[in-house]
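Number of protein chains: 4
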Amino acid sequence: MKEEKVFKDPVHKYIYVQDDIIWDLINTKEFQRLRRIRQLGTSYLTFHGAEHSRFSHSLGVYEVTRKIISQFERNQYEDWPKEERLLCLCAALLHDLGHGPFSHSIEKAFGTRHEDWSCRIVLGDTEVNEVLSRVSPEFPKQVAGVICKSYNKEIVISLVSSQLDADRMDYLLRDAYFTGVNYGMFDLERVLRVVRPYKGHIVVKESGMHAVEDYLMSRYQMYWQVYFHPVTRSAEILLNKIFQRAKHLYEEQYAFGFMVDPILHLIQNKLTLQDYLLLDESVMQTMLTFWSGEKDATLSDLCKRFLNRKLFKYSTFEELDQKVLARMEHVMNEMGLEPASYLEIDFPTGLSYDVYRPGESDDNFPILLLNHKDQLTEITHKSEIVRSISGIHRGKHHIYYPEELVEGLNTREYQDVWALLGSQD
Amino acid sequence: MKEEKVFKDPVHKYIYVQDDIIWDLINTKEFQRLRRIRQLGTSYLTFHGAEHSRFSHSLGVYEVTRKIISQFERNQYEDWPKEERLLCLCAALLHDLGHGPFSHSIEKAFGTRHEDWSCRIVLGDTEVNEVLSRVSPEFPKQVAGVICKSYNKEIVISLVSSQLDADRMDYLLRDAYFTGVNYGMFDLERVLRVVRPYKGHIVVKESGMHAVEDYLMSRYQMYWQVYFHPVTRSAEILLNKIFQRAKHLYEEQYAFGFMVDPILHLIQNKLTLQDYLLLDESVMQTMLTFWSGEKDATLSDLCKRFLNRKLFKYSTFEELDQKVLARMEHVMNEMGLEPASYLEIDFPTGLSYDVYRPGESDDNFPILLLNHKDQLTEITHKSEIVRSISGIHRGKHHIYYPEELVEGLNTREYQDVWALLGSQD
Amino acid sequence: MKEEKVFKDPVHKYIYVQDDIIWDLINTKEFQRLRRIRQLGTSYLTFHGAEHSRFSHSLGVYEVTRKIISQFERNQYEDWPKEERLLCLCAALLHDLGHGPFSHSIEKAFGTRHEDWSCRIVLGDTEVNEVLSRVSPEFPKQVAGVICKSYNKEIVISLVSSQLDADRMDYLLRDAYFTGVNYGMFDLERVLRVVRPYKGHIVVKESGMHAVEDYLMSRYQMYWQVYFHPVTRSAEILLNKIFQRAKHLYEEQYAFGFMVDPILHLIQNKLTLQDYLLLDESVMQTMLTFWSGEKDATLSDLCKRFLNRKLFKYSTFEELDQKVLARMEHVMNEMGLEPASYLEIDFPTGLSYDVYRPGESDDNFPILLLNHKDQLTEITHKSEIVRSISGIHRGKHHIYYPEELVEGLNTREYQDVWALLGSQD
Amino acid sequence: MKEEKVFKDPVHKYIYVQDDIIWDLINTKEFQRLRRIRQLGTSYLTFHGAEHSRFSHSLGVYEVTRKIISQFERNQYEDWPKEERLLCLCAALLHDLGHGPFSHSIEKAFGTRHEDWSCRIVLGDTEVNEVLSRVSPEFPKQVAGVICKSYNKEIVISLVSSQLDADRMDYLLRDAYFTGVNYGMFDLERVLRVVRPYKGHIVVKESGMHAVEDYLMSRYQMYWQVYFHPVTRSAEILLNKIFQRAKHLYEEQYAFGFMVDPILHLIQNKLTLQDYLLLDESVMQTMLTFWSGEKDATLSDLCKRFLNRKLFKYSTFEELDQKVLARMEHVMNEMGLEPASYLEIDFPTGLSYDVYRPGESDDNFPILLLNHKDQLTEITHKSEIVRSISGIHRGKHHIYYPEELVEGLNTREYQDVWALLGSQD
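Chains as they are written, first to last, in full-length UniProt numbering: chain R, 1 to 425; chain S, 1 to 425; chain E, 1 to 425; chain X, 1 to 425.
The following block holds chain R by itself, in its conformation from the complex:
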């Protein structure tokens, strides 16, 4: 590249592009599409600053990866496979390419997986594939391999996806910045200074353990304050209910007033790659806008709730008495609120984010400390702080329901239901 190009970025100040291939990938239409998908899905309904896109996060992951590799090269670490640089950068940039609108809700409702779509875009008939193929005919497959974690060098994969990867480092900082939740900030430069390649792994100098503790504490704070926030979850549940209702109506051959092909094919479960690339948050939002005017009262009502942010309320509980639940559903039915569309019981185990728990998930490489005698130890064996975080399963059981249910309740007759709903935080 003749001269390095930069993007102004609020998190990293500047993002430096030094390779033509990276520049060209950013300018493909598939990558530009990420501008139309929010990084945090429905979180903007809880934190109004959280309106940032997957486009900016993807640039950020690329930049963090570039900084790590640049430090490895500057220090001339022998365990760093220099020839993998471009592959790492491309995989970092593209790893979220397959994300669709409100991924968590859609994936749950229709069984899609964004990782699969990322690979389909990289390997399919796309501008991204065309650019990658210029490097070599095998290059797209290698990039897909890193994204899907089948590439044969752990060190390459773990830069992009591990317990201490460029993906998390960018999203923690970025989500903290845009939500304004500054206790999610950690000292990126300090972490970068203590990681290094070692025998096929990315490891952490043991004397730098505090820096990683700080990073994991930020993660812990972000998970409980932002990612698991029940209001965000409430909006996700509402979206999910809308999709379920639409599917149900479709199966009953309901005539939709507003419908476009990509959404129809999503409901029919026969999305093509071209359909998928048309699916962005604008299309979904527009669908909600016009379905608000549908004649099906339930669909219309659910969509209005989402648009106007009249979300479901929630209560926490430890154990759920099935009889109380049945009585609650009875009341709802009497009020014309079909439980299938208006009630949700949510266990935190179904959540898509994690806090640090080594060993639970086999594809997440744990964090290894390297001491001065060249011994590797998993961090929970050394850090009480990390151990305490790893052991915490603070996720609460929640029940979500419309606010008017509480208002309409005869509290004398339904004292048990009232007790369930009254236990708000």
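Please note: incorrect hints may appear among the correct ones.
[To be verified] List time: in silico DSS-like cross-link candidates among lysine-lysine, alpha-carbon distance up to 27 Å: (1) K153/S with K141/S; (2) K373/S with K2/E; (3) K13/S with K13/E; (4) K8/S with K8/R; (5) K8/E with K8/X; (6) K13/S with K8/R; (7) K8/E with K8/S; (8) K8/X with K5/E; (9) K270/E with K205/S; (10) K8/R with K304/S; (11) K141/R with K8/R; (12) K323/S with K396/S; (13) K270/E with K304/X; (14) K13/E with K382/R.
For the record, the hints were derived by calculation from the structure and aren't laboratory data.
Computed from a prediction, not measured in an experiment: that's the story for all the values here.
With the hints as your guide, set chains S, E and X onto chain R.
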């Protein structure tokens, strides 16, 4: 209100809501709609962080107003009319309520004015009107009066709209924060400390002049680095071309593959209030997505350019030789690029933002300094810095055109056209 | 006060003075003296930014206290005794008044206690006493009572000295700011929002527990990264050795080339209040400068080491073999390095800072959570994170010695000594 | 160097040391001495955060220089003389080595120049000289040449001393950080991106002019808000009066109760290099402490004023009526306040700082813009903003005097004096 409520905000840390009316206004569907309209229109195509909404800016203007009033009350300034507090706060919160998607482009193409729509929403059959009417039957009119600058107390209007108003203070800080352009930051607390009410005006203590110089310099930097950025302008022009093409096709009774009522009524120039409230950036973006597949090649091509960020290039010029221009149009026609849809000459005077120029615009109250002898002086008479900014008309003349025009040009034959296009920054 | 006055402060932006008494206290010579005493003693030799004074910290503690009280008043909490406002503010401002230069080293060497000196200054014939007496004849005693924790209202004392007090809140933020160690930052506004007065205590709303976890994690990071840093400790030990040597020489009637009264009286253990007020870091530093030229080789050498930052090295150990230690002392004696002046074994229990450990120290009020049923719980019963921090005794045992000892060591003969010294971090 | 070393720095996050020579220079006693000299002299009496040392500033200048050179090397600019790297770094690190305590006051009172002392230390019998000589026997002379601006390559000198040099870039950021005056912040990375070597100069890409405007505006704000602050100036004047009084007493063979050699030699104007190296702010402060107890009432009184921050008041004036002045001196004499020690008339031209004024000072290289046609233009020809700053001579004439003068004045009889003193800001 029983207990103050807060919103986490990245710019002001927290936004404090202390009145039920404010809380209820925020929860109306008309106010929630502002979440679906970006504060900076097409700027996100230049600065990828600029994805923040008018919702967050509106909360910010409210918060700055609240801080100013709270300082006035704490200092018990006699010239402050305490009874206007709630009116100021409501007007601050709602002043941008009528903004539509990509306002600058739409207003230019269809002759709408967001200030008018703000008043229509405040006065019409809306949730906002219902909430305001609870204060008193005249209250909605008073709020509309402040927004449209017809209210009879200058001091109330100037808190929301003047050369040193809560609107500008919030947007400069917010836009700087989200773009990452930190030279747009100024010290808000320092400015707040030097303003005070005085005989029906908001004035600045003369000894605090430096604080205002700092604010005006930030504004100057933001205008030239962000608001007037030619890439942003290029995207606005493209949108405008799309609307013009659609209007033209409509007049020729073209059968659109994708059309929804609010857009049809916009083109027909017969938007109702209910239509307008449905118009948000999602709908516009969705329109662009599906018009990309229209059979009209020009409309389809223009929409694809916007979506995939293949914007027009631009060149600067001092004077434009009409003969050269004619020859350029000739080449374009030969290449099948109709100049009406693919060429734009842009003079900076048509821009919607201003830098500080007292006296030029009659509805912008100038900045007055108050000295210890109770004399008022307009700031340009005291500050050489401000005088130098006020005198600058740095806006350049630009010509916008498709990149392939340059590539397709026979440079020997069209050396004059080449010279025009070659003078890039 | 006619108009509030401000100090520009890098940590809190502005410090607001709203009472004449506070303004006059700041302008006393005893308070101005705090400008000549560094907040972090010898830490500037580890973190070069840590040059800030106790003067700025004292203003900061005042400001945090003012913010807390102002929030209590704004919310009209009934459990807040409004009449104690000025007492709290004065005690907050003056609580560190008795600190001398390099307090930790001096207090250890000469058995002085800064709390006692604070009270002597408040109660003695000083400008501070004169200003306080203007409030009422008993006021100086009340202020001293709060500082020495004998005042009869826990809530007043705990604002200034408890596990979650204005003192700690300011110093964590300030020390993080000036050292540049930004992982010591926590969100002050967030903490302030969750504390409230309750039945004579300052408590924390249970739903705000995360905010306090964040604050305690910052504290944890600051303790291990800054306050317990072994290089800082090494400089403290060196100072202590210098004082011990000087005391020894004085007892042997050595004729000092440079001596001034306050230092002489310090060594003689007969400091008057007037002497003490003359003792600042400049005098101590000047003493070191001129003692560098003393004819006593040990005193001169130790002072040069401090001035030129040739500090003792350190090694960590788990257990200390007394035989190895004896052999090490033997080598030192042979090299002319008297162990009494050149060797120190340091156990972390003797350190002056603490991390959060409820119950260990009887004068530190623990952090209490208040739930919605008005029940109080000590935080370690609810937070695994805090429990994990409280249980950690990571302080290591260190041995400090001159670098040349290692160089001069015959490693074959003294392999055991070498092994002890080799175990550096 | 085996592995790069870092210093934690609040302004640049980390300072990276990559050469043994730099590391060894930092560890010399002459460089460590800079820890005992404040960067901003008496400014800490105006801004309590301004307690940072010349040590930290010197590291910062080194780091900015390192970043600039690293960018030049990364971009492989041909006009950059690579072989000058180490010379630039050493000169940057050492350029302030000769600063003494409260330089401005001392230099004015005794006619010393810190640049001369810097060169004497570099060339004399010092640890610094010893380290530099290891590079080559001529190296100390080359370093001194760059510091004294006699080296034969402008590009090397101008990195360290020019209108856009590493020295200013660090001190503006650092002084803004430590005072808390955040309007002195500018975007360092943005400026670094637009400078480049060109035909023996450091120039700025014309398209980056806004970045330099931003830097110059920060400078303008810092000069008027911080560097020229009249309270700081008042403290400098007081110090100067103290030195003059001491000189006068010495000439009259007064027997000082407290005196040490370096101060005596300073007064006698026969400082040796060894004396000078002992002179730091601690020694000066200690002198003030003990001179507060001198029997000469004037010396004692002046010293107490400084220590206890009872500074002279000031008034501004346009023109000074000599008769009024004479009457004022008459009153002062009657009150026992000798004008020579208690009165100062101050014209801003005598100040040691400048704002940007090309051509006025021949040793300050101006800022040159380089356009795409390789033409160089001095920035004031292109920027109205910079022109407006350059033309401003806002320095006011001040008269400084003790506060009690005003209180003791019979306002009826001395209405003219009162009028002079009454014109405060």
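Hints not upheld, ascending by number: When the structure is compared with the hints, numbers 8, 9, 11 and 14 turn out to be violated.
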